[in-house]
Structure formats: structure tokens, C-alpha cells
Amino acid sequence: MLTKKTLKAATLGLALVGVAMGASANEVADYPSKPIQFLVAAGAGGGVDNFARVVRPMFEEAVGGARITVVNLPSASGALAHQRTANGAPDGHTLDFASTTYVTSLAAGQNPIGLDQLTPVARMQSDVMALFVNPERYPDFESFLEYAKENPGKVTVGGTHTASPDHVAFLSLRDASGLDMNFIPYDSTGNATANVLGGNIDATTTSLSPLLSYIEAGQMAPILIFSEERLDHYPDVPTTVEHGWDLTDGNDRAVFVHADTPTELVQHLEGVFQEIFASEEYQAYAERVNLDYREGWMGGEEYRQRLENNYELYSRLLQNGN
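When you line the sequence shown up against mature numbering (1 follows the signal peptide of the UniProt record, and there is no 0), it's residues -25 to -1, 1 to 297, in that order.
FRET-style restraints, in silico, Cβ to Cβ:
id: 1; residue 1: Gln294; residue 2: Val45; range: 31 to 37 Å
id: 2; residue 1: Gly39; residue 2: Gly153; range: 53 to 59 Å
id: 3; residue 1: Glu277; residue 2: Asp150; range: 26 to 32 Å
id: 4; residue 1: Gln294; residue 2: Asn175; range: 27 to 33 Å
id: 5; residue 1: Leu288; residue 2: Asp5; range: 39 to 45 Å
id: 6; residue 1: Leu206; residue 2: Asn1; range: 45 to 51 Å
id: 7; residue 1: Glu250; residue 2: Ser188; range: 27 to 33 Å
id: 8; residue 1: Ala19; residue 2: Ala41; range: 20 to 26 Å
Hint data in this document are derived by calculation from the structure and do not stem from the laboratory. Quick reminder that beta carbons are idealized off the backbone N, C-alpha and C, glycines included.
Put together the whole structure using the sequences plus the hints.
Structural data, given as C-alpha cells:
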């Protein structure tokens, strides 16, 4: 069990990485030696789930046809998935698929599994965040902004649970804009979206890719993009930077393993995911769901540094957030 002191060191990246050394060439060559589990630290139908399920057949082929089971473990902001990974065998057969929620939940003190217990293999996606509404209620951001200014404290914005990328995006927008708005947490992107469509809340902050079908159907519309420049697919939608708000952080999706997984095996897995990322099949998928606006690929060590830096940022945002 982690003490508070140990957990703090872990989340700040001050503890030892904990990656075991010395895997033999045979261990890598024999991989996989048993069925593989993709533990998804999120519910079905969201961005992380879609990511894992798209990658699954590519990974199976890349490692010689291994049998892979995808298991959704959304409980406790995905902490159950992280716990199972950290408590399992350090042999690369349990892969933890997670979003930025991993580090936001660490910053909020909701996740007991720090960076001393998981090793990042690779980041493959950096999804753009946006403010979404029912276009029948708010045709554009200016109408939303006008209503929010005229009705302080009455605007409600939903997203997936507290201390999530959705929640952090809301907090950053509220702080930068000075708008008096309230956040309503839901257990999934689907439920937040349903409540926007049902008129129970005014908007939702989430990433682009999970809502594409709603956008294409005209049911939901992005009215503010968390980006420096306008996106090609949404040239009429303004950005946060246009309004003078330096809010451009996205929602990362990455893969983790047990921290004691041998270095050579972690490197092998990173190489497999890098080949998948570079494949025509994966790139076609990324383009189809608007995941090509930002560079998605980041190797494990570089991503660890990003997680440590973001831990500091999100801790400040969440300190006074609600």
C-alpha cells in the first residue's frame, strides 16, 4: 500500500521508474506466450474504447495472431484498470489503455496508482477538445456567450466525471473567460451528450472524435475549439486562442504496462505500436475521425515527462475547481 509520501513522489515522477532490467532476447522473441488483455480505463463507446478496439486487430496481426480480450473498467475514473495492471504480472500481457484522465485523477488524489507502478509504452492520440451544444439551442458560440453573461450561475456544462479531461477543459475555460458556469459530471460521454440533447444541460466539453456521428447527424455541434488555429473540417468554428484564451491542451490516449515489465519488452511493445501508428490502416482511421489535427505519436519516455509536467498543471487547475 502506498503511503501519502510515496504517492506524492510517484505522481511527481520522483520515485524510481521501476522498469526491470535484463529481459533476454528469448523473452521478447517468445512474446506473446499467452492470451493478452486490453484493459480500457473507460466505458464502452468512448474515445479510449474506440482506440483500443481499432488497434486490437492490428496488434493481433503484428504479434503473430495472439488472442486479445478487451475489458472495459470505467469504475473510479479508470483506477480499477490501473490497479489490475499494476497488480498483474509484469510480462506485457496486460496492456492498460487510458486517456488524460489517468493524470487528472492523480492530480485530484482520486487514483492510488502512480507513475512508479505503471510504465508508459506510447501515446498514440492527442484529441482536440471542444465545447459542444445542441445547435437548435445555441447556433454559435456568440449566442452561448451572450446567454452565459446574461444568466450568471445558470449555465450548466456536462462531461465525464470530475477530474477528467472534460472537467479540466471546463475549469480552464471558466477561469479564462470569467463566465459563471457549473459543471455536471456523468459516467460516460454518451450520458453527457444525451443530457445536452434532452435540454437538461447547456453544453458539454469533450474531445472531437467520440461525437463525430452526432455532428454528422446535425444533433450536436462544436461551437468553440480548444486550438490555436481553426480546423479544416470546422472552418467557421472559432478557437479559444482567437478569444485570447491560451487553452489548447487536448485529450491524450496512451498505453501502459506494469512498471516492472523488462525494459527490452517495453521497447519491443513500443516498436509494435509505432509500426501500427505509421500503418496506412491506422492513419486512415485517424484521418476519418479527426485525430490527425495534432501529432499523436509520442514514445514512452517522452510521454512520461509530459505526464509529470501535466500533473503539476492539472493540480493547480483542480485545486480550487468544483
